[in-house]
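Enquirer: The sequence shown runs 1 to 629 under the working numbering.
Treat the hints with care, since some could be wrong.
Claimed, not checked - Calculated pairs, PhoX-like style, for lysine-lysine (alpha carbon to alpha carbon, straight line, at most 25 Å):
(1) 503 x 488
(2) 503 x 98
(3) 294 x 323
Derived from the structure by calculation, the hints contain no laboratory data.
Just so it is clear, the structure is predicted and the values come from calculations on it, not from any experiment.
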Amino acid sequence: AVLPWTYSRPSAVSLLAHLPPRPVTDYFVAVYFSTVHWFMIVVHEGHFLHHYRSMMDLYARDPRLLSNTDEDFTFALLILTVTVLGGRYTSVHSARAKQCKQIHIDFCRTSSLCGTGSMDTGEFDIVKTTSQIFSVVRSSHTDTLACGTIAAVQLLLLLGSLYLYHGESNLAWANSGCTIRAAQALGLHKEKSELRWNSPYYQLMEPTEKEQLRRRLFWAVHTSDRFLAMCYGLPLLISDDDCAADVPCEDKIYPPLGCSSFLMLEDDLDEHSLTNPFSGTSTPVTLLTYQTYKMHIYIILGDIISSLYRPSSTARVQRLERKLQNWYKDIPAILRLSVDMAYPAYNELISSTDDDDDDVILPANDDPLKDSPPTRNRRLRIRKSIYGIQGLLLQLAYDNALILIHRPILALKSEAHASLPREAFTKSVDACWNAALRISKIDKHHIFRQNQQVHPVSYVGVHLFTAGVVLSVFGSSTPLSRRAWEAKQGLSRIIRMQKILRKKVIVSSQSLSILENLAREVVRKEMAAILAQDMDDEEDQVQERGRGELREPWINGNRRVEGSSNMNHMGLAQQDASSRLDAAVGSIGVSSSVLMDFSNDLMFENDFFNESVLDIEKCKRKFPNLLEF
Numbered sequence: 001a002v003l004p005w006t007y008s009r010p011s012a013v014s015l016l017a018h019l020p021p022r023p024v025t026d027y028f029v030a031v032y033f034s035t036v037h038w039f040m041i042v043v044h045e046g047h048f049l050h051h052y053r054s055m056m057d058l059y060a061r062d063p064r065l066l067s068n069t070d071e072d073f074t075f076a077l078l079i080l081t082v083t084v085l086g087g088r089y090t091s092v093h094s095a096r097a098k099q100c101k102q103i104h105i106d107f108c109r110t111s112s113l114c115g116t117g118s119m120d121t122g123e124f125d126i127v128k129t130t131s132q133i134f135s136v137v138r139s140s141h142t143d144t145l146a147c148g149t150i151a152a153v154q155l156l157l158l159l160g161s162l163y164l165y166h167g168e169s170n171l172a173w174a175n176s177g178c179t180i181r182a183a184q185a186l187g188l189h190k191e192k193s194e195l196r197w198n199s200p201y202y203q204l205m206e207p208t209e210k211e212q213l214r215r216r217l218f219w220a221v222h223t224s225d226r227f228l229a230m231c232y233g234l235p236l237l238i239s240d241d242d243c244a245a246d247v248p249c250e251d252k253i254y255p256p257l258g259c260s261s262f263l264m265l266e267d268d269l270d271e272h273s274l275t276n277p278f279s280g281t282s283t284p285v286t287l288l289t290y291q292t293y294k295m296h297i298y299i300i301l302g303d304i305i306s307s308l309y310r311p312s313s314t315a316r317v318q319r320l321e322r323k324l325q326n327w328y329k330d331i332p333a334i335l336r337l338s339v340d341m342a343y344p345a346y347n348e349l350i351s352s353t354d355d356d357d358d359d360v361i362l363p364a365n366d367d368p369l370k371d372s373p374p375t376r377n378r379r380l381r382i383r384k385s386i387y388g389i390q391g392l393l394l395q396l397a398y399d400n401a402l403i404l405i406h407r408p409i410l411a412l413k414s415e416a417h418a419s420l421p422r423e424a425f426t427k428s429v430d431a432c433w434n435a436a437l438r439i440s441k442i443d444k445h446h447i448f449r450q451n452q453q454v455h456p457v458s459y460v461g462v463h464l465f466t467a468g469v470v471l472s473v474f475g476s477s478t479p480l481s482r483r484a485w486e487a488k489q490g491l492s493r494i495i496r497m498q499k500i501l502r503k504k505v506i507v508s509s510q511s512l513s514i515l516e517n518l519a520r521e522v523v524r525k526e527m528a529a530i531l532a533q534d535m536d537d538e539e540d541q542v543q544e545r546g547r548g549e550l551r552e553p554w555i556n557g558n559r560r561v562e563g564s565s566n567m568n569h570m571g572l573a574q575q576d577a578s579s580r581l582d583a584a585v586g587s588i589g590v591s592s593s594v595l596m597d598f599s600n601d602l603m604f605e606n607d608f609f610n611e612s613v614l615d616i617e618k619c620k621r622k623f624p625n626l627l628e629f
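Take these sequences, add in the hints, and give me the full structure.
Expert: Quick look at the structure:
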């Protein structure tokens, strides 16, 4: 039967009509490639730019010449999505915002002089413009799903990152499922699948370029699935058993030699080289080498996440940790942070201030001057900055993976600890502690400031939150210990960083309130422990005087651990102070006795950790605001 209503989707022409003037759109695209593209590659730079320029030129010449096929419709939406991302990271950077507004003023003046427009040089509102474009993209989501095109998967991936990082958590998870199904429907997960390269814009691509684009797009979907499952504590949607796509290589991802590229000049490939541990071949280190290491750590994370909520043997934990450590050892020096958060590859300050440079590479301007020392030095500085940010991101991914690997061991119930080797549990506790503490120190690195101007800033905010919750547990488990003092210092640093980042992204703003509440409860537990210990000392002295002798009470970890009515009193004193902390942190898989005291006869006992168990997922469920990212 025919449906009693009809529906027609917007045309590609009507979508492009929402874009700002062409020079402004070009600048937003340039910002996208300088701040987002190297972090999550979903397009082939050369193909996208050719397709973009061809469509925009045709639209400017005569909109009626622009067809409205599925490929044209979804690619027009992809242009809008790229524009939104570019506009987003223009608005948060003062030099970029200033440059963008100047471009708009120049366009208005030129249009007025040429008689093609009015002399409207008023203030250009970047945020308002990009918000309006974003609403158009969102409203076309269902129409996008109806189109089985490469561009549909590409824009769904970018849209998912916008949802996740900018306050639409429910949409991010639902969009992930749509993206995966759209990719599978195209056969991206199969190595020999036949794709529809019907659009004339694809005809200029070489077969190897098409192959690498297909592989890279699928693995971008795969990586997104792993990251979202980790963030939400939900099952993976892609099974590795169903993946037959080969891992992409780093060649054939740049435009052909002689063509413009946002990220590198033609001879940039000669600067660094390494033996690729995954392929065994000697390959140059480029700004996209990061993608190879990112992809492989998320393959490892898939193994970790699949057993995150199930008891795991020490052998499995050790196997996963060895695999992770081998991955970490293979990271080239240019993408590695040292233990003290320094960046050994480049010791000099490689960043500019917000007010003196927009840190955007414009090939049209730079390529003719590529032999000019100022141009080369500027591009080198920008590339060094991106290398540093990539090193920071890989370090965060490694530390977060360490916490996840050891979670199953910490999730064991108290009765299961008896069969657990002391060394295994101690190692798991120390691994989580050291990883969280390293994350809390990233503000020591100047790259942390530069990361605030690019797309991964939200990624950093997510991992800071995880480390903050971990440290709050250590801080409240034994409130008067040396480790608790260090945990409070680390938690303080993380809160300061989130206060800085909240001006850029909503993720940090939402997690900040939770971390502040956790900090208050940590301090309350510390106060309760201090006051309760004083009361214990007074009662001990009364009892000892009654017996006519005075013995030194056995103290462990700066607190009394022997069972007595005094401990009951102490527990009551802390009950109210710890209630909100317990509700927030639940269990990270860390059981009630996570930070076990292995001293003498008190092995596998720690009453205070019973009140401070750490579970990011329970924290999210009990604090609805957290789900907003």
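Enquirer: If a hint holds in the structure, say so; if it does not, say that too.
Expert: Structure-based check of each hint:
Taken as a hint, the residue 503 and residue 488 pair is honoured in the structure, with Cα atoms around 24 Å apart against an allowance of 25 Å. Between residue 503 and residue 98, the direct Cα distance comes to roughly 18 Å. Compliance with the 25 Å bound is thereby established for this hinted pair. With a CA separation close to 14 Å, the supplied pair residue 294 and residue 323 stays within the 25 Å bound.
In the structure shown, no violation is registered for any of the earlier numbered hints.
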